[in-house]
Amino acid sequence: MSSPFKISRRSLLKISAASGLMAALPMGGAWAQGGAPKRGGHLVVASGGASTGDSLDPRTFGSAYTSVISGIPYNGLVEVHGLGMELRPALAKSWEASADGKSWIFDLEQDVTFHNGKTLTSADVVYSLQRHAAEDSRSNVRSVISGLAGIRADGPNRVIIEMPEANYVFPAILSGFPLGIIPEGSDGRDGVGTGPYKVTRFAPGEVLEAERNENYFRKDAAWVDSVEYLAVNDPSALNSAFQSGQINVATLLDERTAPLLSQMPNLKIYSNPGRGFICFNMRTDMAPFDNPNMRLALKLAIDREDMIRRVSPTVGALGNDHPVAPSDPMYSKDVPQHVYDPKRAKELFDSVGYSGPLVLQTSEAISSRAVDMAVIFQEHANKAGIPIEVKREPADGYWETIVGQTPFHVSARSDRPTADAILSVAFLSTSGNNECKWVNKDFDAAVLAARAEPDLEKRKAFYAEAQRICSEDGGTIIPFISGTVDGTSSDIDGFVPSAQQMAGYRAIENVWFS
Amino acid sequence: MSAFANSPVRSFVLARLASGLVSIFFISILVFLGTALLPGDAANALLGQNATPETVLALREVLGLDRPLVLRYLAWLGNALQGDFGTSLSNGQQVTSLLAPRLVNSLILASSAAVIVVPLAVGIGLVAAMHRGKVADTVIGSVSSLFLSMPSFLIGYLVVFIFAVQLGILPSLSMVRASSSLTAWMIALALPVLTLVLVAQAHIIKLTRAAVLGVMSTDYIMMAQTKGIPRNTIFFRHALPNALSPIVSICMMSVAYMIVDVVVIEAVFNYPGMGKLMVDAVAYRDIPIVQACGVLFSTIFVALNFLADLLAMLINPRQRLPRKGN
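Residue numbers (this note's numbering), protein chains in the order written: chain A, 111 to 624; chain B, 17 to 342.
If you are wondering where the hints come from, they were derived from the structure by calculation, not from laboratory data.
For clarity, every value in this text was computed on a predicted model and none was experimentally measured.
Output of the computed footprint for chain A on chain B, the stretches with three or more beta carbons under 8 Å from beta carbons of chain A:
1) 105–113
2) 181–189
Here's a subset of chain A near chain B, in silico, CB distances under 8 Å, partners left out:
3) 165
4) 248
5) 314
6) 315
7) 316
8) 317
9) 342
10) 343
11) 347
12) 351
13) 353
14) 356
Backbone N, C-alpha and C fix where the C-beta goes; we use that ideal spot for every residue, glycine too.
Model the full structure from these sequences, guided by the hints.
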């Protein structure tokens with residue numbers, strides 16, 4: 111790997127990895143990676159969020175179920191690993207930026223074959239990436255790929271990706287789970303990739319079955335012989351099947367039952383600190399939230415520690431109304447932390463001169479915790495004399511008709527591989543996905559300057575500035591950054607705790623039966 | 017045939033078939049309207065959190081969601097009458113081919129439960145009736161009321177908790193496929209079938225008991241008793257045959273209601289049947305699947321109702337005879 115910021119970045123990651131270590135240790139019993147990896151066995155994995163409409167085309171991946179498929183028949187160019195989300199090689203064995211930072215050069219691993227016997231070349235990579243930007247693409251990285259200046263092959267083993275402006279944080283984007291590489295010309299529906307397991311049967315919304323790819327380019331992976339990946343949408347069914355030993359690896363378990371599960375001797379529970387969050391959106395272009403004092407009043411009217419204690423005691427990390435997680439290398443410790451200050455909140459609220467309750471819309475569609483969070487927020491704000499009225503909306507259609515549409519509502523954001531990705535997608539004034547319609551020229555300038563800055567320390571300073579502006583002026587209240595909870599049966603070894611669920615979606619190729 | 021041509025059975029069958037078809041027609045309108053009125057549409061649900069106005073518009077056009085409702089209904093009805101329920105919005109497959117294996121799975125689950133629950137519950141109901149007011153009757157009554165008052169999904173979770181989590185003898189996930197062996201099917205079906213049996217038994221037991229006791233309190237039974245005919249002979253030779261007709265329709269109705277419970281039970285046990293397909297399709301706004309499932313469930317319900325009335329009529333000789341004046 112020849113990334114230009116390798117050394118300083120590595121040392122930084124060590125610190126964040128150490129600080130995050132406590133959170134990721136299994137909560138019950140001893141954590142022992144029992145001896146050397148062993149081949150063999152049939153691994154049963156389960157997740158919710160599946161649908162009969164699921165497809166093996168990586169371009170369609172987005173749900174809790176399909177994101178995990180990405181680690182079965184596919185590989186991306188790069189992967190993120192561990193608690194610090196360290197970037198590491200996958201199909202690209204090394205990468206480096208051009209001098210001006212406007213293009214990135216990826217050198218591919220050689221002698222990699224697809225499940226159909228074809229050898230991997232740069233043409234396959236160019237094809238696989240470009241189809242995300244196609245007209246009919248519904249890929250959730252479409253805007254990222256279509257925003258590039260060019261993707262081209264340079265010989266059979268080199269791919270060059272060009273950007274309109276310098277971007278020194280780009281490679282991590284390619285670790286996204288929809289960016290699996292398929293053979294040129296394929297529509298991806300047959301599941302042919304380069305990955306550790308070949309799909310033998312796929313019944314959408316029911317099960318995916320796969321067997322080991324004997325030609326897998328990683329010799330120290332793909333330990334189990336076969337994988338059965340079940341779709342279990344009912345959380346109680348998932349929980350009971352996991353408890354009764356029918357499932358070896360379960361992902362996205364209910365955080366509130368995790369402490370109970372971790373006491374069972376036949377299970378190991380992993381809490382991943384994570385980068386996603388549930389947030390309160392205030393439309394900054396709508397009254398009364400167009401007034402920054404109103405936004406600040408509400409940010410000070412929430413007791414974050416109490417909320418974490420009651421809603422996310424195992425994996426919640428204190429939030430500060432900007433989206434960068436404390437476990438992120440770009441996290442700034444210098445942004446003043448918003449603390450619960452009922453008196454100051456009330457003064458600010460009164461200064462706006464708004465009368466009547468603020469209607470806060472929430473729904474199970476976000477998460478069962480979203481409803482609890484709204485009610486707890488109401489309680490905190492009422493203590494400060496700020497009247498909030500919680501309106502519980504039906505789950506059906508909540509994402510379409512409420513999120514990003516109404517003045518004050520609960521929303522959520524999933525994991526993104528970098529601070530840049532979440533800051534750009536959710537907060538840049540030019541993003542179509544800026545739910546609060548927040549416009550701040552200084553913030554935009556800081557983010558754009560950061561990604562174009564080759565020096566790590568200077569880049570961190572720009573991101574710190576972006577975090578500060580977002581925290582002070584932004585329309586999003588982020589009480590805490592959430593994590594996810596994964597679990598394995600106690601006979602599974604090799605599960606590496608990560609900031610993302612399922613060890614950055616690669617858990618299946620890494621685990622073995624002890 | 018001429019006897020049949022004039023028989024009340026024939027006119028009954030024709031009348032009921034006609035009214036059944038009319039019901040299904042109106043149900044199809046309700047199902048179509050209901051699904052059209054759901055907030056949010058498939059385009060939004062398919063694109064999820066990453067939807068932008070342009071992609072939503074483009075997808076709506078592709079899916080034909082921009083056409084007027086009446087036109088969409090007529091086109092859908094025309095195709096449905098030819099057995100074509102359209103293609104799934106989310107994966108482009110034929111709804112009929114998606115539905116067929118799921119329907120078979122649901123029917124296997126429901127009929128396995130029916131085959132067990134009908135004789136069992138009728139038998140228990142008869143025992144309760146024979147021992148009216150005694151300990152056996154009280155115990156049967158209270159146990160069946162207990163299950164009657166619990167929602168079916170709760171019974172499902174209880175069954176899972178006891179047999180899968182605590183005892184660990186049966187799987188809580190019913191993963192089956194057509195190629196599974198008979199033993200695998202039986203193991204997978206054990207808990208969902210047990211749950212359905214517990215859900216459906218109460219009505220059959222209570223109504224069987226009531227039907228038999230209703231006949232037992234009629235004048236001709238009292239006559240038989242005063243003549244000194246043994247109690248068992250009265251019960252089995254005189255009372256039971258006359259109570260059979262209501263019992264049969266109760267059983268058919270309970271089986272029909274069980275079809276509704278199958279939707280919930282399949283979700284609890286992750287059983288790959290039509291109910292789970294429908295629940296998932298609602299969540300993902302896959303309207304053609306929801307519509308087809310809705311119409312199919314209603315058709316099964318109407319058909320079982322029809323069958324219940326028909327059987328009740330055939331069993332009761334009085335209703336088979338031509339009415340005077342016909």
